[in-house]
Amino acid sequence: MARTEKDEERLRAEIEAHIALQAEDNLRAGLSPEESRRQAILKFGAVEAVKEEYRDERGLPSVEALLHDMRYASRRLRRCPAFTVTVVLTLALGIGATTSIFTLVYAVLLKSLAVADPAELYRLGKEARCCYWGGYSQENEFSLVSYDLYKHFRDHTQGFRELAAFQASTSLLGVRRSGSAEAAQGYPGEFVSGNYFTMFGISAYAGRLLTAGDDQAGAPPAAVMSYRLWQQRYESDPSVVGGVFNIDDKPFTVVGITPPRFFGDTLRTNPPDFFLPINTQPLLGAAADIYQSDNSWLDLIGRILPGANPASIEAQMRAELKQWLRSRWGDMSANDRAEFPEQTLFLRPGGAGITSMREEYEHWLQILMMVTSFVLLIVCANVANLMLVRGMERRREISLRIALGAQALRLVRQALAESILLSLAGGVAGLVIAFAGTRLILHFAFPPTSGMAAIPIDASSSMPVLLFAFGVSLIAGVTFGIAPAWMTTRIDPIEALRGASRSTVRTGALPRKTLVVCQAALSLVLLAASGLLTAALRHLENQDFGFAQDRRTIVRIDPSLVAYRPDQLTTLYGRIQNSLSSVLGVSDVAICQYSPLSRNNWGAGVWVDGRPAPGPKDDVSTSWDRVTAGYFTAVGTPIIEGRGISDLDTATSQHVAVINQAFARKFFQKEDPIEKYFGQTGMGTSRQYEIVGVAQDARYLDFDLDHPIGPFFFVPEAQHDVLPTGKDSNPGSHFLHDILIVTRPGASVSSGQIRQAMASVDPNLPIISIQTLREQVAGTFRQQRLIAQLTSFFGILSLVLACVGLYGVTAYNVGRRTNEIGVRMALGATATQAAALIIRGAFALVAIGLVVGLPLALAAVQFLGSQLYGLNPYDPAEIFVAVLTLGFSALVASLIPALRASLISPSEALRTE
Amino acid sequence: MEEKKQKRDVLQGTLALMVLKTLDVLGAMHGYSIARRIEQISGDLLAVNQGTLYPVLLKLEQEGSITSGWGVSENNRKARFYRLTRQGRKQLQAEKHDWDQTAAIIDRFFAVRAEDLK
Numbered sequence: 001m002a003r004t005e006k007d008e009e010r011l012r013a014e015i016e017a018h019i020a021l022q023a024e025d026n027l028r029a030g031l032s033p034e035e036s037r038r039q040a041i042l043k044f045g046a047v048e049a050v051k052e053e054y055r056d057e058r059g060l061p062s063v064e065a066l067l068h069d070m071r072y073a074s075r076r077l078r079r080c081p082a083f084t085v086t087v088v089l090t091l092a093l094g095i096g097a098t099t100s101i102f103t104l105v106y107a108v109l110l111k112s113l114a115v116a117d118p119a120e121l122y123r124l125g126k127e128a129r130c131c132y133w134g135g136y137s138q139e140n141e142f143s144l145v146s147y148d149l150y151k152h153f154r155d156h157t158q159g160f161r162e163l164a165a166f167q168a169s170t171s172l173l174g175v176r177r178s179g180s181a182e183a184a185q186g187y188p189g190e191f192v193s194g195n196y197f198t199m200f201g202i203s204a205y206a207g208r209l210l211t212a213g214d215d216q217a218g219a220p221p222a223a224v225m226s227y228r229l230w231q232q233r234y235e236s237d238p239s240v241v242g243g244v245f246n247i248d249d250k251p252f253t254v255v256g257i258t259p260p261r262f263f264g265d266t267l268r269t270n271p272p273d274f275f276l277p278i279n280t281q282p283l284l285g286a287a288a289d290i291y292q293s294d295n296s297w298l299d300l301i302g303r304i305l306p307g308a309n310p311a312s313i314e315a316q317m318r319a320e321l322k323q324w325l326r327s328r329w330g331d332m333s334a335n336d337r338a339e340f341p342e343q344t345l346f347l348r349p350g351g352a353g354i355t356s357m358r359e360e361y362e363h364w365l366q367i368l369m370m371v372t373s374f375v376l377l378i379v380c381a382n383v384a385n386l387m388l389v390r391g392m393e394r395r396r397e398i399s400l401r402i403a404l405g406a407q408a409l410r411l412v413r414q415a416l417a418e419s420i421l422l423s424l425a426g427g428v429a430g431l432v433i434a435f436a437g438t439r440l441i442l443h444f445a446f447p448p449t450s451g452m453a454a455i456p457i458d459a460s461s462s463m464p465v466l467l468f469a470f471g472v473s474l475i476a477g478v479t480f481g482i483a484p485a486w487m488t489t490r491i492d493p494i495e496a497l498r499g500a501s502r503s504t505v506r507t508g509a510l511p512r513k514t515l516v517v518c519q520a521a522l523s524l525v526l527l528a529a530s531g532l533l534t535a536a537l538r539h540l541e542n543q544d545f546g547f548a549q550d551r552r553t554i555v556r557i558d559p560s561l562v563a564y565r566p567d568q569l570t571t572l573y574g575r576i577q578n579s580l581s582s583v584l585g586v587s588d589v590a591i592c593q594y595s596p597l598s599r600n601n602w603g604a605g606v607w608v609d610g611r612p613a614p615g616p617k618d619d620v621s622t623s624w625d626r627v628t629a630g631y632f633t634a635v636g637t638p639i640i641e642g643r644g645i646s647d648l649d650t651a652t653s654q655h656v657a658v659i660n661q662a663f664a665r666k667f668f669q670k671e672d673p674i675e676k677y678f679g680q681t682g683m684g685t686s687r688q689y690e691i692v693g694v695a696q697d698a699r700y701l702d703f704d705l706d707h708p709i710g711p712f713f714f715v716p717e718a719q720h721d722v723l724p725t726g727k728d729s730n731p732g733s734h735f736l737h738d739i740l741i742v743t744r745p746g747a748s749v750s751s752g753q754i755r756q757a758m759a760s761v762d763p764n765l766p767i768i769s770i771q772t773l774r775e776q777v778a779g780t781f782r783q784q785r786l787i788a789q790l791t792s793f794f795g796i797l798s799l800v801l802a803c804v805g806l807y808g809v810t811a812y813n814v815g816r817r818t819n820e821i822g823v824r825m826a827l828g829a830t831a832t833q834a835a836a837l838i839i840r841g842a843f844a845l846v847a848i849g850l851v852v853g854l855p856l857a858l859a860a861v862q863f864l865g866s867q868l869y870g871l872n873p874y875d876p877a878e879i880f881v882a883v884l885t886l887g888f889s890a891l892v893a894s895l896i897p898a899l900r901a902s903l904i905s906p907s908e909a910l911r912t913e
Numbered sequence: 001m002e003e004k005k006q007k008r009d010v011l012q013g014t015l016a017l018m019v020l021k022t023l024d025v026l027g028a029m030h031g032y033s034i035a036r037r038i039e040q041i042s043g044d045l046l047a048v049n050q051g052t053l054y055p056v057l058l059k060l061e062q063e064g065s066i067t068s069g070w071g072v073s074e075n076n077r078k079a080r081f082y083r084l085t086r087q088g089r090k091q092l093q094a095e096k097h098d099w100d101q102t103a104a105i106i107d108r109f110f111a112v113r114a115e116d117l118k
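Those protein sequences? They're chains X and C, same order as listed.
For the first sequence, position 326 matches number 326 in the working numbering, and the numbering has no gaps at all.
For the second sequence, position 47 matches number 47 in the working numbering, and the numbering has no gaps at all.
I should point out that these hints are in silico values taken from the structure, not numbers from a laboratory.
Please note that the accuracy of each hint is not assured.
Far from chain X, some chain C residues (derived; all Cβ distances over 12 Å) [unchecked claim]:
hint : residue
1    : Thr22
2    : Ala28
3    : Ile106
Think about it this way: if two alpha-carbon atoms lie no more than 16 Å apart in a straight line, the pair counts; the simulated EDC-like pairs of lysine to aspartate or glutamate are [stated by the list, open to error]:
hint : chain 1 : residue 1 : chain 2 : residue 2
4    : C       : Lys78     : X       : Glu24
5    : C       : Lys21     : C       : Glu74
6    : X       : Lys51     : X       : Glu9
7    : C       : Lys78     : X       : Glu16
8    : X       : Lys666    : X       : Asp618
9    : C       : Lys21     : C       : Asp107
10   : X       : Lys43     : C       : Asp100
11   : C       : Lys78     : X       : Glu9
12   : X       : Lys676    : X       : Asp762
13   : C       : Lys21     : C       : Glu61
Positions of the beta carbon are idealized from the N, C-alpha and C atoms, including for glycine.
When you get a sec, could you build the whole thing from the sequences and use the hints?
Below, the structure written as structure tokens:
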């Protein structure tokens, strides 16, 4: 800019000198002083034009000329506020929708962890795996490790500055500040190796973070609290640091607070509020995973040394894995040994942490991104249409300017400046919409649990999001501005002389029609997609779940949080059942490890008695659940054959299991499964359970909704899986989580009543949540519902925009053809014929839109693929509905102009001639 | 539109050549005397729009054909003086050569009579 001013100054001085010299010459030639100067100025010519040309010559006129154009454009836009506001709001919708989805895309798919130099981090595993893996062989890749294997890698691998291990899942911890009277509260916590924070290169917000010294057997139990919890629950109380907290009833010292933006190693819905050293795990709960080298439950992330080659570290770790496995040969099962040659591992960039969320939501986000881009395109088409109309109104002005010598390039630039200014304004307004939209989406997709951390995604704009919005606005501005700008250059200056009302050219009609066709086509795609997604959701929600949803409430507890021992549990459950059953309106109470669709399950293998041992490639996997007597009646799942779990099944009676139909089909085919035996801990345990009943298939798992219900078995709470060695092989399974309360028809039980009844059993037992089974089921489809609703919303929005476009073009047509219609009517055409003429014109456009849109829609719905849960993407009914909706809306949009056409009076029309 | 722009470009090209030649013959000069000189020789080319000279001067300076600096005119006025550079002299020679060639070709075309082509 400084240079520009200097140049301007130079030109000004030169012009002055020139005119003065000329004036002096003129004076000498005998003219009067005033006349001399006047003549000199006349002779110099148009000063402004010279300045303009001079600026152009300066090579880089763009910045200033652009500012000039922008100022001019903003002045012009201010003069027509209605137009400006309409366009800005329409654009804000399109840009806001795209930006809000991009905010999610950025947070879930692109963003690195808030740690030092994320590019130096590498993680074990190509894909995130949850959360436990038993045995010495893993499918495809070794991605979870046991504590023992972690130590082996840590101590032998060169090339890592730090290699840290951490729990692949989080554990709910019962936390109570020591000395306070309040009941323990459940917060998610994660076990991490002592060098976890050193590896990430982050330092404490307050106090200190964990060190290798904290992570040793016998070290004083230390914990690190999340900034979130410290701030929200303890109001940043400095005495929390160094304070003692009872975690699952064991005293831990909180040594420090994590930095505010750190949410751990994995983007997840409920990030951990406590980080505990791995070696404190034996203090808490019964399952001491760290002693079992065949129990893989840890993820690994390492920071490599500068210059180290990840590929050679990977090769080194592969060799170490084989070496370690060989050292465990004696513990390995026949299957593990058979799988040994295939065992391998992969090292992948770990700057984004464990990306389970990316894997889970990538496809959804792609769909939404596509949907919003379509909306943005439709918005652009709509705005382009408005701009063209405006261009038509300004024809006279522009032709006059051209006649007066305005440069074509300059006019195009001004037209573009106007559209870019509009799109930038739309972008700013869009950011507001994007912020609100992202918050709304996050709220519905991941509803916050009170007291717990929300998903650590920030709806407010970060730099990449701002850049994205800016880029999108610019592109949109050029997209919708290019056609109208081009139109300006095609205006003939002669038109200025003719008078705009008598214009003979129909310029503008074709581009506008094309835009309407595009809009119709794009709307069809969105309508078809939303129709299919909605149908798929209905399909999911209305399936036969195999259990009853009405009058059932789930109370979630976790007795392990307050240090119950497994042998105390049966008594506890009995007391809970008694206490809740006495609440007025409650007809039945059962307790289970996991209720249907509660987002968790335990898996097991099945060894059927009297059969040859299954080979390594045989699939013997099932899921299982531990339940109290009367569970099947309570949950409303019919018993097809035999009996359910009953009071007869005690600790000392024959151990029994109830299987579902899928289990019977998978393991017994045509045989009658009743009174057959099977076990879940190898061939030696094949007489572990006697099958006493077959229950109808019921949907428990939420992650394979597009598959038939898989095999499941149920065992009584009262019976422990005692191995021949006398050891309980599944003590953790006795910590039941879900209390199922059935209310009498017409009765209602408040959560206050439930809490009171629970408090009378044990006031310290935390209640994690209370919700109806119907809500729990609905929660399973929350994301699907959200996607279907968003797509429908965008589909309707695009339909409305397309109809507005169609209405505009049709109304314009009626105006232009008033004379023609008047003549036709004078010659005997009826009002209906006049209306039909207009509607035919509108439908021709929609028909072309359909022809273009149908193949596009068919291609697009294929992309929905698995998200349709088995629904045929070419479902003719849904496509037909979309076509019908579009057709009907088009009819409505063209009806008003058609009506106006039919009301044209011939005499009046001809009088305006 | 197109026609108008072409005309301007031709005018600018011709003007540039005149400026170069003027400076070649007369040495350093300020804008006004360049304008007067061209007016004297070319007649009406600059009679109305003397101002158009300045964008051309700037363009030539940016191309490196001429340089400029502030000085004092014959009647003691501050004015900007322009002078030909070595590169400008070379350019002038090149353009003169081109011009001669073009002119010769055009001349030959105008000299042709219908019977010559038979």
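>> For a quick check of understanding: which of the numbered hints are violated here, in increasing order?
In response: 5, 9, 10, 12
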